[in-house]
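Q: As a plain string of letters, each chain reads:
Number of protein chains: 2
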Amino acid sequence: MARAWSLKARPQGMPKHTDFAMIDLDQSTLGAGEVRIANRWLSVDPYMRGRMNDVKSYVPPFALGEAMQGGAVGEVVESNDDGIKVGDMVLHMAGWRDEAVVPAAQVQKLPALDVPPQAFLGQLGMPGMTGYFGLLQVAEAKAGDTVFVSAAAGAVGSTVVQVAKAKGMTVIGSAGGAEKCAWVKSLGADAVIDYKSDVPVVKALGEAAHAVGSGGIDVYFDNVGGEHLDAALAHANMHARFAVCGMIDVYNSGAATQLKYLARLIGNRVQIHGFIVSDYMNRAEEFYKDMGGMLAAGTLKRQETVHEGLETMPDAFLGLFSGGNTGKMLVKV
Amino acid sequence: MARAWSLKARPQGMPKHTDFAMIDLDQSTLGAGEVRIANRWLSVDPYMRGRMNDVKSYVPPFALGEAMQGGAVGEVVESNDDGIKVGDMVLHMAGWRDEAVVPAAQVQKLPALDVPPQAFLGQLGMPGMTGYFGLLQVAEAKAGDTVFVSAAAGAVGSTVVQVAKAKGMTVIGSAGGAEKCAWVKSLGADAVIDYKSDVPVVKALGEAAHAVGSGGIDVYFDNVGGEHLDAALAHANMHARFAVCGMIDVYNSGAATQLKYLARLIGNRVQIHGFIVSDYMNRAEEFYKDMGGMLAAGTLKRQETVHEGLETMPDAFLGLFSGGNTGKMLVKV
Numbered sequence: 001m002a003r004a005w006s007l008k009a010r011p012q013g014m015p016k017h018t019d020f021a022m023i024d025l026d027q028s029t030l031g032a033g034e035v036r037i038a039n040r041w042l043s044v045d046p047y048m049r050g051r052m053n054d055v056k057s058y059v060p061p062f063a064l065g066e067a068m069q070g071g072a073v074g075e076v077v078e079s080n081d082d083g084i085k086v087g088d089m090v091l092h093m094a095g096w097r098d099e100a101v102v103p104a105a106q107v108q109k110l111p112a113l114d115v116p117p118q119a120f121l122g123q124l125g126m127p128g129m130t131g132y133f134g135l136l137q138v139a140e141a142k143a144g145d146t147v148f149v150s151a152a153a154g155a156v157g158s159t160v161v162q163v164a165k166a167k168g169m170t171v172i173g174s175a176g177g178a179e180k181c182a183w184v185k186s187l188g189a190d191a192v193i194d195y196k197s198d199v200p201v202v203k204a205l206g207e208a209a210h211a212v213g214s215g216g217i218d219v220y221f222d223n224v225g226g227e228h229l230d231a232a233l234a235h236a237n238m239h240a241r242f243a244v245c246g247m248i249d250v251y252n253s254g255a256a257t258q259l260k261y262l263a264r265l266i267g268n269r270v271q272i273h274g275f276i277v278s279d280y281m282n283r284a285e286e287f288y289k290d291m292g293g294m295l296a297a298g299t300l301k302r303q304e305t306v307h308e309g310l311e312t313m314p315d316a317f318l319g320l321f322s323g324g325n326t327g328k329m330l331v332k333v
Numbered sequence: 001m002a003r004a005w006s007l008k009a010r011p012q013g014m015p016k017h018t019d020f021a022m023i024d025l026d027q028s029t030l031g032a033g034e035v036r037i038a039n040r041w042l043s044v045d046p047y048m049r050g051r052m053n054d055v056k057s058y059v060p061p062f063a064l065g066e067a068m069q070g071g072a073v074g075e076v077v078e079s080n081d082d083g084i085k086v087g088d089m090v091l092h093m094a095g096w097r098d099e100a101v102v103p104a105a106q107v108q109k110l111p112a113l114d115v116p117p118q119a120f121l122g123q124l125g126m127p128g129m130t131g132y133f134g135l136l137q138v139a140e141a142k143a144g145d146t147v148f149v150s151a152a153a154g155a156v157g158s159t160v161v162q163v164a165k166a167k168g169m170t171v172i173g174s175a176g177g178a179e180k181c182a183w184v185k186s187l188g189a190d191a192v193i194d195y196k197s198d199v200p201v202v203k204a205l206g207e208a209a210h211a212v213g214s215g216g217i218d219v220y221f222d223n224v225g226g227e228h229l230d231a232a233l234a235h236a237n238m239h240a241r242f243a244v245c246g247m248i249d250v251y252n253s254g255a256a257t258q259l260k261y262l263a264r265l266i267g268n269r270v271q272i273h274g275f276i277v278s279d280y281m282n283r284a285e286e287f288y289k290d291m292g293g294m295l296a297a298g299t300l301k302r303q304e305t306v307h308e309g310l311e312t313m314p315d316a317f318l319g320l321f322s323g324g325n326t327g328k329m330l331v332k333v
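Which chain is which? The protein sequence lines are A and B, in order.
Quick note on numbering: our numbering labels position 58 of the first sequence as 58, and the sequence is numbered without any gaps.
Quick note on numbering: our numbering labels position 264 of the second sequence as 264, and the sequence is numbered without any gaps.
None of these hints come from the bench; they were simulated from the model.
Fair warning: there could be bad hints in the mix.
The list cannot tell twin chains apart, which means a pair is met if one copy fits it or any two copies do.
[As the list claims (entries may be wrong)] Restricting the straight-line Cα-Cα distance to at most 25 angstroms, the calculated cross-link-like pairs of lysine-lysine (BS3-like) are:
1) LYS203 x LYS56
2) LYS16 x LYS260
3) LYS56 x LYS260
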């Protein structure tokens, strides 16, 4: 029988293992137009923390006691739809489970790009699109700009670093620890800040901006909020643009963000734009085309942190908040 | 002999009277191309606090021991320039003094609008342009929008309220105390919040947005930062636009701004834009034309808080930070 993770209790602050419970799924019969998918790869993403709260947001909260949702890639093993065949590899949102039964209209065949299937949960999927459109559309970054990106070793940030370099920008990345910093540097970043070091981010960013010769930043891609956002405000150049897609620093604590340099946005005419990648889903073709070209040219590097087995799903999810991943965090079923 | 206020010491936190000193100005001879102006009205504005710090900003710091600068309106009493005649009323930046000697190129004859001359330091001057372009250009406010404006009884805010109403918007204003709130209401605001009451701004704004039938705000015009900005984030509608021209809450304290609702900008795709009115100075004609039409139609109300005599200039300036003014704060020489 298929199994899925459910939310047993709504977490207070940092989620605990006891907030999750495995449940059985009775989905022995396949309805008209439905497909059965053996999930191979499951995604955990920071935004899922928001769905664990019972508040109105841009995605509805997880229902207690029911199977959770999230990005997944799997192989179709049974189909009641003419367009989807047994053996097709598909992307869908019925994750957190080993087997999914969903309407065929809710699955997408994997695009024809020369990458392993799980890449469509990371660099070629939602995180990659977040980085791509956030950088190029929301922040309107262009060749010659100095771009600062936080969580630069993560699934979104590592895409930002590489797309920015491919487009002729100067890049300063922030990551936690020497190993991640070295990886971000290997992606092409011109300077890297280790936010886990003793140097405050605001100081480290100032030094990095000096080192790369710009003296400040034109673009900030914000995955984390908090101290990084404040540092970006402190070193923003005139007419800097900030694209904000995540604030992992406050997802669990709910603490107020303290911004010492906020007033700088006036004199420097800074623009701060919040965004959600789903606003750009209708431009996926453009994304696949451009990223496909970079892949073919060997420009893109990709890394994954993989947990094995459905049982490890809560571990993988919790690891997102302690910097447990380099590149995309995945669970292999 | 002409006299001027100088900065004697750079203020720490809230400026004190002892930070200012009156000095004599030796300007008995008039150079080529210069004009001598008997100042009639002097402006004090919150942005001047920034010039008292010795830091790089969008306007250079005041030099210690020298005459300070600021908006002023006066009558030309001597002229070495063919374009400016004795008797002309002019607008210029050599304020904080009773008599100014400046190059004719740095003065502007008052536009031909039927208002008293001091209006060109307020509603028809820099504060009015800040409100006008901030609302219509920076925040892209349009008919039907619900607009929240802080410091709504101030020179900038009272312009925002009236322009917004004239353009078919719903307006929620915030001001301190019953008297100012009543005045803001009389300007046409649909709802008014008294931020000095016991009700937190975030709660009061939620109730006001409910009362005016919008449930949230589409535009926030920020003069103050801090608690008001956080409340605006808490009640921002989808795709809300914030125009930020001032953060008087932190000008003196330099304290970090605490934002509890900052992460809301992601899901609601909020745009926050800092701006400086000088970016729009080349569009002054457009402003005078539109505002002139509203004046002629009797749409615009104006109020001033007037201190008498050059000696009162520091009092007037300090009053800005304790809510001492309704409408534009001025010193009559």
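Q: Work down the list of hints and note, for each, if the structure agrees.
A: The hints, checked one at a time:
1. LYS203 x LYS56: Answer is between: at 17 angstroms across copies they meet the 25 angstroms cutoff, but 37 angstroms inside does not.
2. LYS16 x LYS260: Cα proximity of LYS16 and LYS260: across copies only (24 angstroms, versus 32 angstroms in one copy).
3. LYS56 x LYS260: between (29 angstroms within a copy, 16 angstroms between copies)
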